[in-house]
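Novice: Okay, here's what each chain looks like letter by letter:
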Amino acid sequence: MRNVIRLVWFDLKPEIKPPVWILLEWFTFTMQLFVYGAIISQLVKAQAISNYQQFYAVGFIVMMTFEIGSHAGRSFVEHAHEGRLPYLLSLPISRSKLFLAITLQGGAELAIMLTVPLTITLILLGNLTVFSVTAAIASLFCLGFGVAGLMLGLSFIAFKSSDMYSAIVTGLSAVIIRFSTVLYPLMFLPQGYASVATLSPLTYGADLVRFLLGFDPGILLNPVYAAAVLAALAVSTLGLGAFLLQRLVEGVKSG
Amino acid sequence: MTELRRILQLARNDFSYFFRTKWLMAILLSLHLSDMLVVALVYNKLMTINYFNFFVPGVVVMGLFAAALDTGRRIWLAIREGVIQYYLSLPISIHGIVIAYLLAGGLAAVVYSTSLLLIALIVLPAQAIWSTFILLPFLFVLAMGLAGISATLAALASTHGEYFFAYQQVVQVLLVTFSTVFYPIDFARSYLPAFLTNVVSANPLSLAAEAMRQYTFAGNPVQPLFLLSILFTSIPFTIIGAASYLTALRAIQVKGKL
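Top line first, the protein sequences correspond to chains W and F. When we follow our numbering, the leftmost residue of the first sequence carries the number 1, and every step to the right adds one. When we follow our numbering, the leftmost residue of the second sequence carries the number 1, and every step to the right adds one.
Excised from the complex, chain F in its bound form (with noise of 0.2 Å):
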């Protein structure tokens, strides 16, 4: 029960923490709601489909990822200042420091998702607003994964200095380019070969910007296997998150350093 509320608190810090952080708001701010309001809305103009119907769900999605990819800036952060040392001092298991880590970057990327969400609501009529309390906490176990796959980063990087911001791009503009965040399957499939649109299909934000879609924007009833399939491909990143955050996080209390 103690190492429980040790976690919860050490996940609160984090929690606030990525709030706090005012340039880096500034910036998911402006990004997010000008491809909203501005992006989404020209596009419209130009494209063939209704687009500002397409990308506006899409636009969450992108926050949520934005949004938990910063825990392995966090993470990456403590790593290089030395703060690290001082979680591995206090009285919780180095466990209990990866759970907090990852619970704090889910929880983090949900709630600024969802106020983007909110905003989303207003220029963009939903048709069942209710599916929405479904689909958080699959958001939740996707944000999660997404924060697994940024702290696999953060590890990885942390004997390479500020390569850890290359590694997050790399990995942010695959994951987001070959997704249908952007564009529906149809038009990716018609240019990309079959192995890519496949990679397109199962992509975890394919499909959670599908399902919000579908579900939230469009009124579709909820299909569970559909939910489930968010489910089976975020989970490994989060486990594989977490056996490196907590290897490295070994090797720090073993050697000092990494």
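Isolated chain W (complex conformation) (with noise of 0.2 Å):
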């Protein structure tokens, strides 16, 4: 187990020392729900959504999930590239701790963000039971490995061209954001646009985050389908990598 964490600190320590990316985040969950939050709140008519910061803020942190999630999968494979990885496959570790040390460091990087733009969300929901909390923060960590693993799924592509996965993965990012339920509700969503958002995993993650912190179940999709969505993808990409790391990352070439 030594081992283990002695190689979740050697990823981790870049991130925390300077926490430069960190502070980052936080800066910009601050501005994004005091600022652009307050201010489309006013904007918004719908009766559906009392509140809209609240429910910005929430969406927030699931992009924010999503963004880091998605960030550690990318890392995952230029690391392949770049040679970093082939080093940690030569360690005299198993296969089984370094895909548990990369999970791990990924579940500190994902709880050390969090942190904070989590705790500012929960003030201002209040009214909350210790269950809704650790449920809504194990939802969280069940898109984050699931994203994480879904681009490393997407990995791939890289194995053609490193150039083409980046923009491929970047690019849909964006779109996966935004046709789903992060920014506003399912049933707001043209119709041919709705069919795309259940197809997104943030329409899931966002939806049963926002049930357990106490929105309206009216506006939001059926909780025990979403978590199952959640459930199943966080399992299958987990699983996915772990075969990965175990069979093909070994022969991945520079693009």
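Treat the hints loosely; a few may be bogus.
[What the hints assert, rightly or not] In silico DSBU-like links for lysine-lysine, alpha-carbon gap of 30 Å or less:
#1 W:Lys97 / W:Lys13
#2 W:Lys17 / F:Lys257
#3 W:Lys13 / F:Lys257
#4 W:Lys97 / W:Lys45
#5 F:Lys257 / W:Lys45
No lab work stands behind these hints, which were simulated from the structure alone. Bear in mind that the values here come from a model prediction, so they are computed numbers and not experimental data.
Starting from two chains that each stand alone, build the complex the way the hints lay out.
Specialist: So this is what it looks like as structure tokens:
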């Protein structure tokens, strides 16, 4: 276990010392919530959303989770191309422990980045129970792992061209966020857009977290369905990640 | 004359590099088109105002801003990877290099935002398309100003590795949030303190977005004084950016590094 912790710290250290990127995420969240969210909230008239700033706060947390998970997945592929992963594979540590270290590192990064934004959001929402907060955090982690695994799953493109991989993955990210319920409830999406939104993992993540934090269930997806999709996503993509690490990654060539 | 030709050659090289960066094009296009065709459309159902009409011109200005800011990334990359040393060895003055980068940054931003504008014109009927041609030179100066901000950040960050992207994000968040790209000034006024409302009003992004809404899409007669205000708020950024980049290039020329 000491080796696993050492590896986690090895990857986490550049993020923490100095904590520029963490502070930047917190700054962006604060500005988005207390300036953009607050002003846009005044423009929203829809009765289904009583307080858009609160709705947006949760949406932004889900967006952050997506970005961090996606970043973890992409870094993994970049490391493979830059030769860092082959170095890690050559260490006297089993693949399962290496996979555990990578997963824990992603989880720790997510936890650090979300600490302040999530605390602010929970204070803003108020009136929460320990169960609802714990379940919401667990859902966010499920989503984070699922997204990281999804990005890893797309890495087969990187075998042909890492440039093309970056273009597809980063371009796809903006579309996945907008075609989801992160910024608006599903009921307000036109029919064609709503069908696409039901394919986005963020739709299930955002709606489940909102349900757990006490938002009106009438504007959200069925939470049982959302929880099942998120759990399936996390388990399947983590399984895929473990499989790739065991079998495929050693053969990665520079694009 | 030879110097001018070399400036244009260098500018052309940087201009084409922007459009050849596939991942960047993928990010910018997916971001701005989905903002225009998804976010604006869905928010329109939620808002008290016609948000689609309001936000689509804002997306065009955001495109101009994002493309202009990429100038800084290209400068930062040239400094980091030593391409700048090659440029300094060319028979072109350092003033010429600075002018070439700002020209390329401004032009790339205008070309990119014009492509967004063409799509905007399909989805949102414009009352006075010809006003856009009057606006374009002013948008070009604005883009040079924004490229200047970005050049300043690149020059500042050159000794601090990848902090350039952190600086860039802070500037981007501040400039876009404190503007009328996303919300009308009346709503900002009712929430923000007076001095911040003044910042929002004077923000060149607010001025450009407002000009596009009023003159291109609403068809109101073009007010020369309003257009001059875009110049007055943009030119200082261009000058500061040029001076910062010039100082950085001089330091590289003398010491070989920053």
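Novice: Okay, which hints does this one fail, numbers in order?
Specialist: Hints 4 and 5 are the ones this structure does not satisfy, whereas the remaining hints hold.
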